[in-house]
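Asks: Residue numbers (the UniProt record's numbering): 1 to 322.
In case anyone wonders, no lab produced these hints; they're calculated from the structure.
Worth double-checking, as some hints may not be accurate.
If you anchor each label on the Cβ, the simulated ranges turn out as follows [what the hints assert, rightly or not]:
1. E158 <-> H205: 46 to 56 Å
2. E158 <-> T207: 14 to 24 Å
3. G229 <-> V128: 15 to 25 Å
Derived EDC-like pairs (lysine to aspartate or glutamate); straight-line CA-CA distance at most 20 Å [claimed, not checked]:
4. K183 <-> D225
5. K243 <-> D227
6. K87 <-> D106
7. K129 <-> E158
8. K183 <-> D198
9. K249 <-> D230
10. K171 <-> D198
If you're wondering where the values come from, they're calculated on a predicted model, not measured in any experiment.
All C-beta atoms, glycine included, are put in the ideal place defined by N, C-alpha and C.
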Amino acid sequence: MGAARKLYLSRELSTHFQAIRRRYNVCRRVTRRGVAGGVLRLLGVTWLVAQCYNGVPLPFPRLVTYSRVWVQGVTPTAMPSVFTVAKMPGDEPITLEGGQVTATFDPHGFLHSLTSQGHQVNVKLEFVKYGVNAPTEDTEKHQETSGAYLFLPDKEAEVVGGGSGGVVVVKGPLRSSLSTQHKHLLHTVYVANSPGVDGLSLEIHNTVDITSERNIELAMRLSADVDNGDTFYTDLNGFQIIKRVRYAKLPLQGNYYPVPSQAFIQDKRSRISILSAQPVGGSSLKPGQLEMARPAGLDNEALQVQVLEAHMFPRTSQPTTD
1 MGAARKLYLS RELSTHFQAI RRRYNVCRRV TRRGVAGGVL RLLGVTWLVA
51 QCYNGVPLPF PRLVTYSRVW VQGVTPTAMP SVFTVAKMPG DEPITLEGGQ
101 VTATFDPHGF LHSLTSQGHQ VNVKLEFVKY GVNAPTEDTE KHQETSGAYL
151 FLPDKEAEVV GGGSGGVVVV KGPLRSSLST QHKHLLHTVY VANSPGVDGL
201 SLEIHNTVDI TSERNIELAM RLSADVDNGD TFYTDLNGFQ IIKRVRYAKL
251 PLQGNYYPVP SQAFIQDKRS RISILSAQPV GGSSLKPGQL EMARPAGLDN
301 EALQVQVLEA HMFPRTSQPT TD
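Could you build the full structure based on these sequences and the hints that come with them?
Replies: Structure follows, in structure tokens:
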């Protein structure tokens, strides 16, 4: 690092610490004068004073609302006394309300319906897995097989079961969340209590662990009452939206397309969109369905091997409804 750069950083740090020191001294003077909740003219600056404690300024007086925690299927964890922890009743649906969207979940913690601006769409969220097309003694020697660069499923997807490891719901003034742990994954949904664009959608985080499995591809699937027929849309490297058409004559992988950042299905009444934080592969294999899986590869060059995942990976997406 050059001398000029070091001098610049030293000046920046010095300025920062001077500002902190001035604020601390002001707070001490305010404390000594017993000023609270009023206006003080000091050092040529008008200060709106709330409270000071041991020389540290406290936030302005306000009504503080702490998060409330509900649990189901798990033992309540010890929490600070300012939080309330309670068990959710039975098998009743779970609701998260945000600034502009309301989401309803089944007792297992999976999305059941989504309401935005008074318009409700039934949306069923589930996770499915694909097997791989592996060679056998009866197949031809040069048959293409699933590998690190190819998505060649052996059949249609199977729904991932395994039962719920419990549901934890946290509701706060800024945003609420629901977390549920199932076989292979930790599924978390956030709803923001915001009047801005972040309050128009759900934020989904999936942490997937298939380190104990071999030769499977995991996908998240949404099934909604949207009559999109055989048409769906994906983006092209984030620059434009491309219309896709599902062809029954093609194999399953032939109807899968790259989804760099978003995909959606729609009819005359509704649109279901998924914005992905990571590039994935996606498709609409049936009317009303929209699913996203791990990224498909480019070719089978060099690796004629079965798929083996040896690590956990997170996936983030934002489903919206219009």
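Asks: If a hint holds in the structure, say so; if it does not, say that too.
Replies: Results for each hint:
no., hint, in the structure
1, E158 <-> H205: 46 to 56 Å, "23 Å, violated"
2, E158 <-> T207: 14 to 24 Å, "21 Å, holds"
3, G229 <-> V128: 15 to 25 Å, "21 Å, holds"
4, K183 <-> D225, "27 Å, violated"
5, K243 <-> D227, "16 Å, holds"
6, K87 <-> D106, "16 Å, holds"
7, K129 <-> E158, "5 Å, holds"
8, K183 <-> D198, "30 Å, violated"
9, K249 <-> D230, "12 Å, holds"
10, K171 <-> D198, "17 Å, holds"
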